[in-house]
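S.K.: Residue strings, one per chain:
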Amino acid sequence: MTIGRLRPLLPYILLAPGVAWLAVFFVVPMYTLARQSLNDGTLETGFRFAWEWANYSDVVDRYQEQFIRSFRYAATATVLAFIIGYPLAYAIAFRGGRMKSYLLFLVVLPFFTTYLIRTLAWQTILSDQGDVLTTLRDIGVMDITDSLGISQNGRVLATPTAVVMAITYNFLPFMVLPCYVSLERIDRRLIEAAHDLYGGPVRAFLRVVFPLSLPGVFAGSLLTFIPAVGDFINAEILGGPKTQMIGNVIQSRFLEVNDYPGAAALSFILMAAILVAVLVYARLLGTEELA
Amino acid sequence: MAGNDRLWLPSWRRRFTRRRLLKGGALAAGGLAAAAFVGCGGDDGSDNGGGTPALDSLNISNWPYYIDADTVANFQDETGIAVSYTQDINDNNEFFAKINEPLNRGQNIGRDIVVLTDWMAGKMIRLGYVEELDKANIPNWENLSESLKDVSFDPGRKYSLVWQSGFTGIGYNPELTGRELKSVNDIFDPEFAGHVTMLTEMRDTLGLVMLGMGVDPAEARLADAQAAVDKIQEYVDNGHIRAFTGNEYGDDLARGDVWAAIAWSGDMIQLQADDPNLQLLLPEEGFMLWSDNMMIPKGADHKEAAEKFMNYVYDPVNQALISAYVQYISPVQGTKDAIRDVDDTLADNPLIFPDEATLARAHVFKPLDEDEDREFNELFQALIGA
Numbered sequence: 001m002t003i004g005r006l007r008p009l010l011p012y013i014l015l016a017p018g019v020a021w022l023a024v025f026f027v028v029p030m031y032t033l034a035r036q037s038l039n040d041g042t043l044e045t046g047f048r049f050a051w052e053w054a055n056y057s058d059v060v061d062r063y064q065e066q067f068i069r070s071f072r073y074a075a076t077a078t079v080l081a082f083i084i085g086y087p088l089a090y091a092i093a094f095r096g097g098r099m100k101s102y103l104l105f106l107v108v109l110p111f112f113t114t115y116l117i118r119t120l121a122w123q124t125i126l127s128d129q130g131d132v133l134t135t136l137r138d139i140g141v142m143d144i145t146d147s148l149g150i151s152q153n154g155r156v157l158a159t160p161t162a163v164v165m166a167i168t169y170n171f172l173p174f175m176v177l178p179c180y181v182s183l184e185r186i187d188r189r190l191i192e193a194a195h196d197l198y199g200g201p202v203r204a205f206l207r208v209v210f211p212l213s214l215p216g217v218f219a220g221s222l223l224t225f226i227p228a229v230g231d232f233i234n235a236e237i238l239g240g241p242k243t244q245m246i247g248n249v250i251q252s253r254f255l256e257v258n259d260y261p262g263a264a265a266l267s268f269i270l271m272a273a274i275l276v277a278v279l280v281y282a283r284l285l286g287t288e289e290l291a
Numbered sequence: 001m002a003g004n005d006r007l008w009l010p011s012w013r014r015r016f017t018r019r020r021l022l023k024g025g026a027l028a029a030g031g032l033a034a035a036a037f038v039g040c041g042g043d044d045g046s047d048n049g050g051g052t053p054a055l056d057s058l059n060i061s062n063w064p065y066y067i068d069a070d071t072v073a074n075f076q077d078e079t080g081i082a083v084s085y086t087q088d089i090n091d092n093n094e095f096f097a098k099i100n101e102p103l104n105r106g107q108n109i110g111r112d113i114v115v116l117t118d119w120m121a122g123k124m125i126r127l128g129y130v131e132e133l134d135k136a137n138i139p140n141w142e143n144l145s146e147s148l149k150d151v152s153f154d155p156g157r158k159y160s161l162v163w164q165s166g167f168t169g170i171g172y173n174p175e176l177t178g179r180e181l182k183s184v185n186d187i188f189d190p191e192f193a194g195h196v197t198m199l200t201e202m203r204d205t206l207g208l209v210m211l212g213m214g215v216d217p218a219e220a221r222l223a224d225a226q227a228a229v230d231k232i233q234e235y236v237d238n239g240h241i242r243a244f245t246g247n248e249y250g251d252d253l254a255r256g257d258v259w260a261a262i263a264w265s266g267d268m269i270q271l272q273a274d275d276p277n278l279q280l281l282l283p284e285e286g287f288m289l290w291s292d293n294m295m296i297p298k299g300a301d302h303k304e305a306a307e308k309f310m311n312y313v314y315d316p317v318n319q320a321l322i323s324a325y326v327q328y329i330s331p332v333q334g335t336k337d338a339i340r341d342v343d344d345t346l347a348d349n350p351l352i353f354p355d356e357a358t359l360a361r362a363h364v365f366k367p368l369d370e371d372e373d374r375e376f377n378e379l380f381q382a383l384i385g386a
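The listed protein sequences derive, respectively, from chains A and B.
Numbering follows my numbering, in which position 149 of the first sequence is assigned residue number 149; successive positions increment by one, without gaps.
Numbering follows my numbering, in which position 304 of the second sequence is assigned residue number 304; successive positions increment by one, without gaps.
There is no bait here: all hints are sound.
Chain B regions said to be covered by chain A (calculated; three or more residues, Cβ under 8 Å):
| # | segment |
| --- | --- |
| 1 | 89-95 |
| 2 | 251-264 |
| 3 | 369-377 |
Rather than coming from a laboratory, the hints here were simulated on the basis of the structure.
Since the model is a prediction, treat every value here as computed from it, not as a measurement.
By construction, the Cβ of each residue, glycine as well, lies at the ideal position given by its N, Cα and C atoms.
Using the sequences and the hints, build the whole thing.
M.R.: See the structure below:
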């Protein structure tokens, strides 16, 4: 009886916790940030709301370079993560056999250590005087990478290579796992059917497996690309003054310069830019279920 | 320095925590910073309720690892004043952002002593956020080093007293540079390309580079800052400067990735304990001297107790305990003699007890007013890529 009367309300009751959560932890901070981004003044004199749109044009003018760099690094890292991660996911899904769960465990194993420590470890590994670079230098590899512009004067730290490489490393599991899930879900009979229709392994892959795994690729790319654009730890720890990303700028505007309006404006521009990039990507890939 | 290893640790840790760990905390998605905030949040305003100006308690906020284990207890025993000593200052700007609002509205911030670096102390004084010290309660203030008695941001030390000081010079590894360095400008030697770092602290980096250009940082104008920034920019663009760092240059120097770095004296003393090869150059053109300063925030409940504490730590015998632990430059005259009773080897370390001739070559950055501070900062932040 009671439940019968409540039934029409049930969906709303079930939605309530989620809506409340979003309202408190998404809408309110967003509103505050949006308001902050239009403020006028300084920390010392106090901030006043003033529809200060100039905050936006100012930071766009000043930090274009870091914006473009962030998107370039994130895109490169996403492509690299795909090149490394997709074959890995494929191998685990189709050739993993009994080892599947162990292999997946190994993929997530790095998460057992904090992000910061993993990134700091690269500082030691890539040290100019470290074993890795010394060996590479001795066998002449550094000369080749130097001439290709991947390293500079025989060093990797404080170059774009170190930053992009570390981003790729840190976000690789986010690419592997979604790819694995969609590859694993593929009905094997479809591949057999492709073979029956005289599709060789390559064509079976290109016409059947890869298209069916696209939702995973799409999800993996977003999970890698979006946090990578706003990342600042890798650039901070492994980069130099010429590899600073937009995340570094936002961090320093908030915490060092105390320019809250500028930092808030930057955050909104970043959000909008990511949204546009994702929409374009979704349109190109045509995955209606995720777009 | 032998047999003193145990004592080296705290100064490094203090510096590590102060300059870097919190930065690391901010990096780690605010994890550590959040922990620090949660940890000290309870102190905020906890003492506001009573409101009776009393001598029975005292709330001090200072940087981590910046006092020995006994001084607070000794002070309590001697005076009967219960001290709540909180290590909740990790960054000048961050701490300022925290206390600015209440101080601006004339509210008590629940602290009777805060310790901030010169330029931030100057800002606090300029904004009228601190109480004038009653020197009658601090007769020992006379022990303050002569060179620190009359600083530009607080002439006559009416509002602030130095807690500890340190030098900013050039740390380098002679084995890697292949020669002894003498001048600030030696760090621009093309031979060192890609192996030089500078500090993200504007006053340390710009100050030292200005000295190399023959400009006194105490008189710096915007044009001087621009010139210094332009000069550094050139070396950023050609890849000479590897990075702008906080405390991380210590690791980089130890690993050999960095050959020469703008460095703090406390760090270098510690690094030398591990690698005696490393040198701290106090350049011939001069070098930067910074201090962290005790101040009483406006409206503090226990001003007199705070002054008593200042007086207590300005007694060389008491100061010697602090100095032996933190191993920065003590601002209190007479500590050098007093410290012989604590640890004889420390008295002869020129970086802990510099002579007057050395101190005379040290420079303090000009106190910038709000507009200058913003203008200088804009230039510098653009330079370091943020």
